[in-house]
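Build the complex from these two chains, which are given one at a time in their own frames, with help from the hints.
Going down the list, the protein sequences come from chains A and B.
To convert, note that position 7 of the first sequence is 7 in this note's numbering; the numbers rise steadily by one, no gaps.
To convert, note that position 272 of the second sequence is 272 in this note's numbering; the numbers rise steadily by one, no gaps.
Every clue listed holds true.
Lysine-lysine pairs mimicking BS3-like chemistry, simulated, CA-CA at most 27 angstroms apart:
{"no.": "1", "chain 1": "A", "residue 1": "Lys21", "chain 2": "B", "residue 2": "Lys53"}
{"no.": "2", "chain 1": "B", "residue 1": "Lys31", "chain 2": "A", "residue 2": "Lys21"}
{"no.": "3", "chain 1": "B", "residue 1": "Lys18", "chain 2": "A", "residue 2": "Lys29"}
{"no.": "4", "chain 1": "B", "residue 1": "Lys18", "chain 2": "A", "residue 2": "Lys21"}
{"no.": "5", "chain 1": "B", "residue 1": "Lys17", "chain 2": "A", "residue 2": "Lys40"}
{"no.": "6", "chain 1": "A", "residue 1": "Lys40", "chain 2": "B", "residue 2": "Lys31"}
Calculated from the model, a selection of chain A residues having no Cβ within reach of chain B, i.e. all distances over 10 angstroms:
{"no.": "7", "residue": "Lys40"}
{"no.": "8", "residue": "Glu43"}
{"no.": "9", "residue": "Glu78"}
If you are wondering where the hints come from, they were derived from the structure by calculation, not from laboratory data.
Ideal Cβ placement from N, Cα and C applies to all residues, glycine included.
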Amino acid sequence: MTLGSLTGKQNLRPEMTADEKAWVEEELKDQIARYETIVKAMEDMTAEREQWVADFLHRVQTRGFHWHAEQRRVIPKEEIRPRDGRPLQVIY
Amino acid sequence: MARPHIEPFVDRDVGFKKMTMAGMPNGMQYKTLSMDTDNGAVTMTVQYDAGFKQPPGFCYNEMEIFVQEGSLKYGDQVCVKGHYLFLPAGKAMPAMSSDEGALCLVFYNNGAPSFEESDANHDACDEKNFASVNSYDGLDWTGNALFPATAPGCLLKMLHYDEKTHGMTFLYCMVPGFWQDNISYHDCAEEAYHIWGDSWMMQFGTLPTGGYFWRPAYINHGCFASERGILAIGRTDGDLHNHFHHDPYSSPQENAERAAARLARQKPAMYKWILTQDHNHVPHDFENPHDHVDPMEADTAQVIQPDGSHWP
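The following block holds chain B by itself, in its conformation from the complex (with noise of 0.2 angstroms):
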């Protein structure tokens, strides 16, 4: 699964679509930052309008739903600018509805969006991960706990937390006059959507207010530099580490071989054991054993070539 390098696109400058996809409600319009080229999993910028009424139902594919401005009713519960809600697949919704509209980013993680009418959950839903939090009120900004770390002045909430694949949503934010002066790029795919203020990056200039990117792995980011300060909600779908270096020519297979030339000098014992002992299969994990995700059949994402393909 995968998407295409989308980096920088801002929503300001498109207009929004009416959805008429046979299924899901009236009132919704949207703007699409980025999909999946094989799911059709989506992140959208969507506009609930005022009067917008859903009855109880669920989304069969995984959903995260952030309210930038307005009011989005979920029950008897109004979420009004910093709401976040996570919605397991198939986890049953109250009716929603908005009287003064509701601008929202809404992911749908795993396929393309789908609303059925319903006031139970899915058979087959595991709603464990449920989660509903306003953001701006109940969550404290924390500093960056990562090695190496992003520089002071970069602060986040967690939203969400993976605990097998380390993959994250959460709120950042840079102070006014934020400077970092090295190049970045990560193991794993990383998302971001500016909700207010300006931040910029060397390969791809100014991104303002509705700035978005979604980048694959393994392609460099950075310098930085934030005149306004930001705040945003970035995601990733695995482990973030922040391979900082200083060679702005360096293509993404370099960065790939550099990050597992780093494995290999911190992890050599695990390093050898994967090369070694004919491990072409994913390796049992007698905690979760029944996990089915293989990163040799499954396409870990990444970067699409011209013709096509997909890389690594």
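Excised from the complex, chain A in its bound form (with noise of 0.2 angstroms):
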């Protein structure tokens, strides 16, 4: 998809030029090198996050859930949907 506007030409020059091309690839490298840097962080803060996702179970069952607003809505055990095994993966 586009960022920004769909109203007009959003690029007046799509093929790039070799200057751009190999500074775009320079940059793409240091991209997958964010990207398995955070992969590794956020593996790294698993056991914090599993206590964050068990308090807001509780939370949600006792002080309720916002479903819209300052809407809250308490949330009853069965509409949690039991765990099947699967690891909490929150980068894609």
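Written out as structure tokens, the structure is:
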């Protein structure tokens, strides 16, 4: 999809110059490294996150779940989908 | 066109790089926050050095600039913090300079950075969406008109809104002590940068000043909290609907299916119409007969799988 505007032409010279292509390739290499660092950092937070999830599931069953603005609904236990063993993946 | 899921990333953790690409002006340092893997569209923190000068000229693709600190002279206008510029592709910028330097966010929406010296618009430029506003001075905070809406204490200032896609660029803030106990996902990609403050999400932890994310569609985020409050700039590439739920383990595929099930419930006639009558092409829009964006042909962004393939 596109950010910004769909009105009018978004790129008047879609073919990159050789300089632009080289710059983009370098930046994309850095981006892969950045992504891998993030994945590792997020994996390292797993135990902490599991506790946050447990706290959240407790709160929505006691204090309530924000379904719209300030509107909250207490979620009954039977509406909590049982965990099926999958890991809690957060980066895709 | 797609960018990988970059979340969370804090630009304060990395140093600036000098922009040395041929054609680009001197005195520009940058940190890349995320980049489209196909066309080089990029979001960057940019430091224009004190003494920066750029002659009149244009960028071949659409740009947005937000001034965070310092000042940037745009022709005769001095753009101070909070100033937002939307520059359509090929829109001629006057001479630009900065005496004291300026820290900005710069978005190149549809391609890599480019600069062509010129005192006139590109022949094919359509400048009607050009915008220049000091968002801190000239715009009011508004409540969130979405349904369902975020919890009270989250306010918006709209900077740019695309009438066709409903993609938008906006400032948002959260009051100190903000909290929202739900998990959200959207049908569009979402991008945000923390100008000041902190926010917390159950998946990613606390994001401080300088914190950034690019999140493809259908990825769970939330519940939410902010201890000190935040001021941030956000963007989407399409209509932002809050699909709230309370299942921390749902996958993007399950979330997309749930969104489609909602569409079938809420707009059954349209859903049935799309699925039947062999509509394997983009429906004709009599108001916009020349639109050529075909979701079936274009890569509709979103998740890049570990094997490099894109989903959906």
